[in-house]
Each structure stands twice: as structure tokens, then as C-alpha cells.
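Taking the hints into account, I'd like the entire structure generated from these sequences.
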Amino acid sequence: MGILHRSGRPRTAIGIGILLLLAVLLHGCGGGGSNTTNSAPVSTTAVDGMVSKGPVADATITLFPLLPNGQRGTQVAPGAGQSAITTRGNGAWRATIPRTVTGPLLVVATGGSFMDEVTGTQMSVGNTTELLGLVPAGETAAAVTPVTHALTLATQTALQTAAAAGPTPDVNAMVATVITRATETFGFDPVRTLPPDPALCRDRARQPCSMPRSSAGSRNF
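Each residue of the sequence shown is one higher than the last, beginning at 21 in this note's numbering.
These are calculated hints, taken from the structure and not from any lab test. In this text the structure is predicted, and so the values were computed from the model without any measurement. Some hints here could point you the wrong way.
Distance ranges between label pairs, derived from CB positions [what the hints assert, rightly or not]:
id, residue 1, residue 2, range
1, 188, 148, 29 to 35 Å
2, 141, 184, 41 to 47 Å
3, 197, 100, 31 to 37 Å
4, 193, 143, 36 to 42 Å
5, 104, 192, 16 to 22 Å
Built from N, CA and C at the ideal position, the CB exists for glycine as well.
Structural data, given as C-alpha cells:
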């Protein structure tokens, strides 16, 4: 009897060990699967632009959706984890936005400085001063100038008025209407035509540039 009792103990230990091993393996399978994340990279597109009163250097650029009520939506550029977007010496900038972002965008340029072409004095824009521009739906270029600032404010006001008066306005149609009227007035599209770089123009022709007279949608880099 004593012999039978002694031979049963190792079998019990082996059985318990097998159960513990199974428990660990099953736990590992469940936990490991839940911790695995397969996230596809976000598809993006680049938007290029230029800030000019004379070229504005070191301005901070932020992009927002333009909502049907004329207000700014949630910031889309720079995105989370992205570096701040600042203009180069010639006022040029580039932003990267998700391709899922649709509809017109509002461009906000803050701060920076520019050379006054009349006096030759470097002028500060001011850290709280904004200059506005628009990126129509499907476009990838945007000028930011005193003209686009006025056109953007007019677009926002028109949207706010329309939203308060009745059904939700079509923000794309409103932006298109403003651009069409501005193009008819100025002879070129001031929203999508990037201002020329005066330094490059002087190098080429030894004289200041004039704003190009181009059809809507043309771009000058």
C-alpha cells in the first residue's frame, strides 16, 4: 500500500504541471492577440502656398476646414505630432493634410515679418495678427495676401448670414462664387494664384514683378 501511495504523488504533480502550462499558453494566446495593432499609414496630400504683403517670412501657418456656418472646424494642419509650419524667407510654405479631409480649407497665417518695398524697412506683422486665405475643395495651392484676407472674411460673413437665415448653405458653392467674382474683378484668380517672388523677378528682369494675369486655377511657383 505504501508503494502505491508513493507512486501516485509524481503523477499528481505532473498533472498539475500540465494544467498550469495549458493555462499559461491559453492566457498568452488571448492576451497577445489583443495587444497586436495593425494600423495602416494615413494617406496625405501636400498643400503649397505663399504669404505675401511683400513676402512674409517666419509666419506660422495653420489650416482648418471652413464650416457651412462660416466658422473654423477642427485643425487639420499641422496635425498631431507634426512640427509647426512656418514660412520661408520668400513667404512660401507647405502643409500636409489627410486625404480624408474634404471641402474648402481656411488658411491662417500668424506673425512673421516682411520688407516694405517702398521704405526698405523690415516690418513685423505681430504675433496676434492673422492673415487669411482659402484652399478650395480639391486644390493644393493657396495664396495668403491682403486680398485673400478680405475675400475670406467676405466668404465667412456670407456663410454666417445664409446659415442664420435658412437652410445650411453650400460652402463649396459659396467659395466658388466668391472666387469667380474676384477673378472677374482682378483679371486673375487671387485665391489660387501664388504671388511671385520679387527677388527672383528682379534677378531675371531687373525690375519688380507685377501680379500675373492668369486664368482661374493657375499657379506660379
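Task: Broken hints, by number - done: 5
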